[in-house]
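K.L.:
The chain contents come next:
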Amino acid sequence: MKGIITVVGVDHVGIIAKVCLLLADENVNILDISQTIVQGYFTMMMVVDASTAEIPFEDLVVKLEEAGEEIGVVVRLQHEDIFNTMHRI
Amino acid sequence: MISKVEVLETNKMIQEENLDVRTITMGISLMDCADGNLDTFNKKIYDKITSKAEKLVKTGEDIAKQYGVPIVNKRISVTPIAIAAAGCDTDSYVAVAHALDRAAKEVGVNFIGGFSALVQKGCSNGDVVLLNSIAQALSETERVCASVNIASTKAGINMDAVRRMGEIIHETAVLTKDRDSIGCAKLVVFCNAPEDNPFMAGAFHGVGERDCVINVGVSGPGVVKKALENVRGKDFETLCEMVKKTAFKITRVGQVVAQEASRRLGVPFGIIDLSLAPTPAIGDSIAEILQEMGLEYVGAPGTTAALALLNDNVKKGGVMASSYVGGLSGAFIPISEDHGMIAAVKAGALTLEKLEAMTCVCSVGLDMVPIPGDTKKETISGIIADEMAIGMINGKTTAVRIIPVIGKSVGDMVEFGGLLGYAPIMRVNPFSCDAFIHRGGRIPAPIHSFKN
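As given, the protein sequences belong to chains D and G, one line each in that order.
Residue numbering for the first sequence follows the numbering used here, starting at 1 and increasing by one per position.
Residue numbering for the second sequence follows the numbering used here, starting at 1 and increasing by one per position.
Since the hints were derived computationally from the structure, they do not count as laboratory data.
This structure is a prediction, so every number in the text was calculated from the model and none was measured.
We put the beta carbon where it would ideally sit given N, CA and C, even for glycine.
There could be a bad hint or two in this list.
Claimed, not checked - Here are the simulated SDA-like pairs of lysine to any residue, each with C-alpha atoms no more than 20 angstroms apart in a straight line: (1) G/Lys-451 with G/Asn-192; (2) D/Lys-2 with G/Val-5; (3) G/Lys-354 with G/Ala-389; (4) G/Lys-55 with D/Glu-58; (5) G/Lys-316 with D/His-87; (6) G/Lys-44 with G/His-98; (7) G/Lys-4 with D/Gly-40.
To be verified - Which chain G residues face chain D? A few, computed with CB under 8 angstroms, are given here: (8) Lys-4; (9) Glu-6; (10) Val-7; (11) Asn-11; (12) Asp-62; (13) Lys-65; (14) Tyr-67; (15) Gly-68; (16) Lys-249.
Could you build the full structure based on these sequences and the hints that come with them?
P.N.:
If you want it as structure tokens, here you go:
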């Protein structure tokens with residue numbers, strides 16, 4: 001099951017590291033990363049494979065959210081289907 | 001591959017424009033609970049509802065997390081109690097309402113619909129008992145919603161029921177007068193009621209439905225409003241295209257949520273209801289969409305046309321986005337649940353008569369309309385009769401959810417709280433229709449040709 005992670009917030013050291021470490025701990029493989037900084041704002045999108053995760057998808061959502069709060073950015077993990085169904089016929 | 005732009009667009013809709021799934025409603029048949037003994041019947045329906053819907057709320061919350069989209073309400077609709085409880089040897093169904101209320105609390109849903117009767121052609125014994133129980137049931141329970149279908153295009157209008165509903169609405173208002181007559185906010189009178197409507201207060205599980213089913217109501221007026229800001233000043237072709245495309249995207253969210261809910265609960269997917277449903281929050285309003293089209297206030301000349309094009313294009317966009325569409329599927333125009341509608345009433349732009357005209361082109365009807373508490377029962381019946389006639393002649397669903405707020409008069413504010421909102425009391429035409437309402441009997445079904 002693929003998930004899309006978005007990270008938005010003020011840029012600072014260690015954002016990618018924090019998210020990636022958590023994913024590695026939960027055995028989630030990263031398939032793609034793209035990242036830009038617009039006017040000091042960090043925006044990242046990741047495609048991950050959550051099917052190998054140690055914990056249920058919903059718990060992973062909460063863990064990532066909490067990790068984001070710790071470092072002052074908003075981290076969201078969503079099942080890719082919400083984007084596929086909305087933007088693809 | 002999904003692009004970043006698309007991901008950000010979806011998340012902007014959710015975070016900034018109030019895109020949500022308004023309700024996952026589980027329809028449950030109570031036909032197999034029939035019993036001659038009232039207590040046994042109540043136990044059977046309580047057990048069936050709490051076992052079928054045991055995981056409904058938790059599943060809804062999990063799906064909301066999975067897709068990152070809020071699912072605002074989890075609800076239940078059941079077989080109209082007038083039918084399910086018809087075999088009970090009793091002269092009151094108030095105890096049934098209490099059983100439904102307890103079941104709703106047990107599984108954690110905020111509303112349960114189906115304290116209902118279908119009397120468009122006449123009342124059976126069960127229907128009479130139900131009608132007599134409505135006012136007390138609504139005043140003594142918290143989460144039970146009642147609805148009565150009193151007219152249809154096939155059967156005509158049951159004018160005895162029209163008269164009776166005026167009395168029942170008044171009685172319900174009196175019994176809940178210490179809470180601004182809020183009982184009436186849980187009571188809907190229908191013409192051509194849909195059997196798969198997931199939205200309260202009019203939801204019930206129709207007799208043609210399967211044992212258990214999942215219906216989903218989408219929402220997102222804020223998303224449509226934002227999208228229309230991008231086509232300001234453009235012609236109607238551009239406007240309509242934008243509404244269609246946006247409605248498609250909104251409905252797709254409902255579709256994916258419905259399918260997932262159906263899969264997780266092991267209950268078949270019924271329908272998506274395409275309705276745009278407002279809340280009192282800023283940026284979640286149907287009236288704002290109409291204003292964005294170019295109206296100063298809702299109620300201004302042009303309002304009916306604007307609403308008609310909104311409603312039609314929401315359907316055109318939404319129908320392709322879902323495998324099954326049903327329910328009410330139209331724009332809701334409640335007064336108290338939409339701050340733009342409230343503002344229009346306050347400004348004197350929107351009257352009850354204009355609102356009635358608007359209901360000719362959209363679902364659902366006169367919705368959450370507070371009127372003076374001293375409005376006569378016959379006058380309430382007259383308002384109902386007009387709305388039923390619109391539905392009957394035009395072959396569409398219409399409804400009346402009107403609240404005579406005891407102790408308040410025109411211009412006073414009434415506060416229902418939460419999603420039910422607040423509103424100023426609207427003026428009602430003071431002239432009498434008593435003799436018309438007192439005639440009794442039925443208005444025959446209309447002719448289906450010579451449409452003029």
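K.L.:
Would you mind marking each hint as holding or not holding in the structure?
P.N.:
Checked hints:
| no. | hint | verdict |
| --- | --- | --- |
| 1 | G/Lys-451 with G/Asn-192 | holds, 19 angstroms |
| 2 | D/Lys-2 with G/Val-5 | holds, 18 angstroms |
| 3 | G/Lys-354 with G/Ala-389 | holds, 16 angstroms |
| 4 | G/Lys-55 with D/Glu-58 | holds, 16 angstroms |
| 5 | G/Lys-316 with D/His-87 | holds, 17 angstroms |
| 6 | G/Lys-44 with G/His-98 | holds, 13 angstroms |
| 7 | G/Lys-4 with D/Gly-40 | holds, 18 angstroms |
| 8 | Lys-4 | holds, 5 angstroms |
| 9 | Glu-6 | holds, 4 angstroms |
| 10 | Val-7 | holds, 6 angstroms |
| 11 | Asn-11 | holds, 6 angstroms |
| 12 | Asp-62 | holds, 5 angstroms |
| 13 | Lys-65 | holds, 4 angstroms |
| 14 | Tyr-67 | holds, 4 angstroms |
| 15 | Gly-68 | holds, 4 angstroms |
| 16 | Lys-249 | holds, 5 angstroms |
When the structure is compared with the earlier hints, no violation turns up for any of them.
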